[in-house]
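Participant: Hey, can you work out the whole structure from these sequences and the hints?
Letter by letter, the chains look like this.
Protein chains: 2
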Amino acid sequence: GTHLARVVALHIKCPPGVLQDLELAAIFVSDAQYNRNICFEASPAVVRLYLLYNHWVAKVLLYLFILVNLSLAFFEEPAVVALPTWATMLVELLCLLVFTLRLVHYARVIPRDKFWKDPKNICIIVILLLTLVDMMVYGALTASGCKAVRWSRVLRPLLLVNVTEGRQLRRAFRSIRNALPQIFYVFLLFIFSLLIFSLMALKLLGKRDLKTLEGEPYFTNYLSIVFDLYVLVTTANSPDVMMPAYNFSFVFAIFFIVYILVNTYIFMSVFLAVVYNTYKKHLKEEVRQLVRAKRQKMSRAFLVLQEQAQEGGEPVVTQASWNQLVRMVRPDISDPHRLLLWSVLDSSSQGKAAFVQLADLLNIEVITLKSRPHPLQSLCPALYQSAPSRLLRRLVQHRAFVVLYDLIILVNAVFIGLDEDNPLIAHSEWVFLALYLLEILLKLYVFEPRAFFSRHSFWNWFDTIIVVSALVATVVNSALQSSGGYTSRQILDIVFILRVLRLIRVVDSIKRFRTIINTLIRIGPAILTFGQLIIVVYYVFAVVGMELFKDKVRFFEADSSDPAKAYCGNALLRGTAFAHFNYCKNNFNNIVSSFVLLVELTVVNQEEMDGGLVNAMETMDNELGSGPSDGAGPAPPHLMFKIASKRYRTVDALLQRMFESDLDPEDLDESSDPEAQSSPSFSNPSFSSA
Amino acid sequence: GTHLARVVALHIKCPPGVLQDLELAAIFVSDAQYNRNICFEASPAVVRLYLLYNHWVAKVLLYLFILVNLSLAFFEEPAVVALPTWATMLVELLCLLVFTLRLVHYARVIPRDKFWKDPKNICIIVILLLTLVDMMVYGALTASGCKAVRWSRVLRPLLLVNVTEGRQLRRAFRSIRNALPQIFYVFLLFIFSLLIFSLMALKLLGKRDLKTLEGEPYFTNYLSIVFDLYVLVTTANSPDVMMPAYNFSFVFAIFFIVYILVNTYIFMSVFLAVVYNTYKKHLKEEVRQLVRAKRQKMSRAFLVLQEQAQEGGEPVVTQASWNQLVRMVRPDISDPHRLLLWSVLDSSSQGKAAFVQLADLLNIEVITLKSRPHPLQSLCPALYQSAPSRLLRRLVQHRAFVVLYDLIILVNAVFIGLDEDNPLIAHSEWVFLALYLLEILLKLYVFEPRAFFSRHSFWNWFDTIIVVSALVATVVNSALQSSGGYTSRQILDIVFILRVLRLIRVVDSIKRFRTIINTLIRIGPAILTFGQLIIVVYYVFAVVGMELFKDKVRFFEADSSDPAKAYCGNALLRGTAFAHFNYCKNNFNNIVSSFVLLVELTVVNQEEMDGGLVNAMETMDNELGSGPSDGAGPAPPHLMFKIASKRYRTVDALLQRMFESDLDPEDLDESSDPEAQSSPSFSNPSFSSA
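Listed in order, the protein sequences are those of chains Y and W. The first sequence begins at 1 in the UniProt record's numbering and counts up one residue at a time. The second sequence begins at 1 in the UniProt record's numbering and counts up one residue at a time.
Simulated from the structure, these hints should not be mistaken for laboratory data. Careful: at least some of the hints might be erroneous.
[Stated by the list, open to error] Straight-line distance between alpha carbons at most 25 Å, and here's what the computed SDA-like set of lysine to any residue pairs gives: (1) 207/Y x 481/W; (2) 203/Y x 507/W; (3) 203/Y x 468/W; (4) 511/Y x 507/W.
A quick note: this is a predicted structure, and the numbers were derived from the prediction, not measured.
Facilitator: Here it is in structure tokens:
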């Protein structure tokens with residue numbers, strides 16, 4: 001096409017090719033919608049490869065193999081379930097092959113020089129090569145009977161960061177890295193304050209011949225004072241560390257109070273404030289770049305599709321090509337929904353400014369509320385519209401119906417708490433199950449089933465799955481019990497868990513609670529990114545810990561009579577608090593124990609973790625009061641739309657929304673100067689700007 | 001005056017009187033500058049009383065008597081230093097008299113109906129009456145030999161909240177109270193989650209016959225599970241509470257990890273986010289009202305002073321009356337400084353919009369940098385300008401001089417750390433003192449003394465005070481030592497503290513550190529408000545605790561041979577961890593122990609305290625990079641001004657600055673409609689809107 005040549009010429013690195021205008025525009029819009037920043041050549045062959053690369057099946061497969069690769073730690077030495085080395089090696093080789101293929105695919109899509117300039121590609125290549133080398137060395141060494149260490153396992157979680165789809169994760173790591181210099185200065189000042197306070201403690205308390213509870217000299221050694229006061233910041237040894245001095249004179253309590261005030265409250269708050277501010281600042285900058293790149297892509301799509309409406313007028317995109325475009329980008333959007341989108345855009349103007357909003361509009365989840373008739377009404381309208389049926393439907397839709405079932409849930413909670421060995425209690429379970437099943441059936445009778453089980457009816461799905469699973473598990477349990485008198489503990493556990501989970505439903509009845517839960521669900525994706533980050537860090541530490549400490553501490557079953565049980569199989573632990581408190585299972589003997597241990601360590605030192613969430617939840621409060629939906633205005637009368645404004649299809653959209661009020665209008669400008677379009681901010685801003 | 005009649009007529013409640021226009025305008029400006037919201041009658045007598053009421057001596061006296069009243073707890077039963085009851089009663093009566101006089105003074109200033117409508121006045125009256133009644137009842141009961149409780153002592157800290165000057169404190173309490181409903185819902189949801197998890201734990205673990213470390217049944221009682229899991233949220237019993245289940249099977253570790261994730265991380269973060277957001281929202285609303293009231297007062301001052309420049313033109317305030325006004329409001333401002341202020345205002349326009357800014361401009365601390373010649377130059381210019389003198393001055397001003405003294409401080413730190421019984425070390429102290437004294441003298445030789453000891457040179461003052469005190473203390477100590485061979489431990493402690501404090505000076509040399517410290521100093525007033533709030537809460541708890549628990553736990557000196565020492569004098573504590581860890585001094589036996597104990601309890605449960613500071617420090621980060629001063633443009637060439645933009649004269653100014661970007665321009669409008677000027681937001685917005 002004629003526009004295409006222009007567009008491609010702008011995009012300097014990508015040589016022109018022959019391609020349908022519309023197809024190219026659709027790709028640009030889709031890239032803008034999902035904030036993909038991959039520079040591809042505009043030739044038909046490459047575009048086909050590019051579409052394949054972005055296909056959801058390819059992505060799911062990639063993540064599946066990353067998961068398989070990570071979970072190899074369960075089966076490798078030290079293993080939870082031991083598998084022969086050749087088996088895990090074979091699976092790992094398969095994973096490496098898949099990663100290589102994915103990388104080659106990526107290399108075919110983007111221009112060669114871009115590929116080699118991108119640090120994340122280099123990272124993946126290095127990881128793959130190192131893993132191969134390590135596997136060969138390990139194989140050779142173990143074959144010759146030497147001791148070998150599979151050190152490349154530390155690199156596995158890094159793949160999660162460096163794949164194209166790990167954008168959120170890279171952003172999180174980058175924001176943390178950017179906050180480090182600021183934190184470093186506060187940390188230095190904190191250390192300085194710690195040293196000064198320790199020196200003062202040494203001078204004031206060291207010469208007074210005080211004794212600790214264990215009868216050792218108190219505060220006489222500078223380094224041990226520094227350590228004690230450092231631990232005091234985490235409040236772990238408060239008030240024990242100050243008791244000898246306080247018992248001597250209450251004046252010294254002032255010293256410790258001032259210390260805690262300065263170092264625990266003020267410094268920790270400054271830490272939190274600095275982390276929060278720099279993290280937020282850098283995130284804002286990233287979102288700004290993201291929005292700019294999005295606008296650029298949308299302008300490009302506009303350039304492809306634009307037509308001159310009248311001589312000298314602004315170029316526009318006609319409704320016909322707009323419809324075709326949206327149909328290509330989102331085939332699942334219904335005709336009326338598309339009409340709605342067009343009318344939203346049309347209300348301003350048909351020009352570029354309106355067109356550019358399309359990517360954001362597509363990210364707003366619009367639920368089409370079709371007032372479809374109930375299938376029973378079509379099947380036997382006479383029965384469905386009869387007076388008893390109408391009364392029943394009114395009853396079910398009444399507020400009292402909800403209250404009645406909340407009461408049933410409460411009674412159920414009491415029954416669960418009572419002893420289930422009582423036959424009356426045991427049989428009551430069947431009554432409750434029947435009541436819950438009846439509720440679902442009644443609701444299905446009243447509400448249109450497809451609306452009841454729509455994608456956004458979280459609680460309906462939750463109810464149905466829990467009740468049906470509980471029914472199945474209870475039936476299986478009873479069958480086992482009555483047949484052989486044998487009760488499977490696992491099935492019983494599942495039954496119990498399902499019973500208790502059913503009680504959660506009561507939350508949905510109270511509007512305030514629903515709002516809080518919805519907010520938590522809404523920020524779920526952001527928390528998931530954080531979870532990935534935690535997994536990457538934990539995995540690295542767990543693998544290193546396993547290599548260093550495996551079998552240093554051993555756990556003995558409760559019925560074991562081994563004398564080593566008293567000191568966890570390690571003579572060094574004889575008589576320590578660790579062995580006394582029976583902490584033997586807190587070890588690095590396999591990946592599961594390592595993860596549990598790392599979680600325990602995190603929990604004890606949990607000071608600094610809350611800052612990130614505050615950020616993500618800043619908008620929560622403003623929305624706690626308002627209703628969950630806003631009706632959209634100009635829609636054909638036979639249809640109702642509901643903007644699911646609380647949910648965001650992507651984390652990027654959530655972030656953009658969060659910083660909307662903070663971004664200047666100039667930042668959102670797509671730098672309409674054509675020369676500026678190949679600015680460095682566009683080409684893979686995720687890592688190349690690092 | 002003619003304008004006055006208009007102004008007073010607007011101010012409906014205050015009847016007109018005869019008064020100098022300028023005087024009234026000056027009061028309005030001063031009220032706006034300090035955000036005072038006291039409605040006074042505009043008669044000369046009342047205005048005189050009003051000025052007296054706002055005089056700093058009156059305020060200092062008031063706070064002094066509040067302090068005396070609060071510190072009576074040191075001398076009353078249970079006392080730190082016991083005084084006879086009649087003495088403390090007499091002092092308390094004196095305090096009550098002062099508070100009554102202050103209240104009567106206030107009642108004379110503001111209109112009668114306003115006085116009785118203001119809850120804070122009612123509060124003070126009720127507190128005073130209750131205290132009197134309590135004193136009489138207590139006196140009568142003790143005289144007749146009955147046991148009596150001085151319950152009105154709980155009310156004492158409430159005076160701090162209810163005096164006119166406790167505006168910040170009332171605001172903080174109000175913001176907390178406003179955040180409560182939101183927090184309540186999150187708390188309910190948290191409790192619900194706790195109950196559900198406990199029920200699940202009971203069902204999953206109760207029947208497995210597990211034992212705790214002490215051999216007791218594990219997780220079999222629902223209420224004790226709820227308690228254990230509640231404590232787990234504070235991570236105080238982690239990982240002990242999960243070890244029996246984890247030892248049984250690693251699957252149960254997942255239960256505890258999910259629990260900690262949901263209740264410690266997610267719920268505590270939601271708590272923090274909700275507290276932060278609602279606190280911020282309400283504070284913003286308060287600041288908005290504050291700014292609106294300020295603009296109203298400035299408009300009123302403008303109405304008093306305005307003159308018609310030309311027919312049909314905008315009314316203006318002439319430079320002459322403006323000068324007189326500023327001279328009345330701030331007599332300490334120099335002529336060039338006033339000229340600077342005028343030129344800043346003049347640059348926009350002479351109208352109302354510019355005039356209204358005056359209150360904010362007066363709150364900006366401008367340091368006048370007068371390039372005064374050094375007194376030695378005037379005394380003996382030949383010597384001061386000689387070549388050696390010039391060289392010396394260049395040396396002292398050189399960067400190397402600072403580095404040299406930083407090195408000396410570091411060496412000093414090492415010497416302090418070493419054993420001071422060594423005579424070499426003991427004598428080195430004199431060398432270091434001499435070096436520090438030399439430094440101050442050299443600096444005084446180079447820099448103009450009045451500039452060196454200006455009000456904003458925090459570190460110069462710090463240095464001089466520390467070094468001179470250390471010199472005095474060391475001399476006294478040596479004199480005592482050499483005269484009688486007797487060393488006072490107290491003086492030695494002071495010497496040590498001063499020596500260590502001297503080391504802090506090194507912080508000032510590193511720019512990054514200086515910025516952080518300056519930020520902390522800047523938000524100091526906001527932290528002080530928080531400190532007052534803490535004292536109010538602690539005092540109430542301490543007094544209640546003393547009445548309930550005094551002498552329940554007793555502390556025995558280390559050399560005591562009383563057998564009760566092993567269980568803190570309370571048989572109930574025999575064999576408990578409390579007695580074992582020697583916590584006997586953690587009791588409610590007097591006000592000091594009570595405060596220390598409350599601090600300890602706060603430190604152990606310190607989860608939720610950091611939120612407020614983040615808020616106050618939000619702007620800190622942006623300023624970490626920029627230089628500490630900005631030169632102001634249009635000033636006469638012989639003078640330099642430095643805007644001390646980092647410091648705020650009042651907490652209100654800091655708050656206004658914090659929310660500047662958040663406030664809409666409409667919010668800052670002083671509602672120029674004259675009818676709206678007596679809106680409810682003006683008349684004592686601090687408490688009457690409650």
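Participant: Give me the numbers of the hints this structure contradicts, sorted from smallest to largest.
Facilitator: As far as the earlier hints go, only 4 is violated by this structure.
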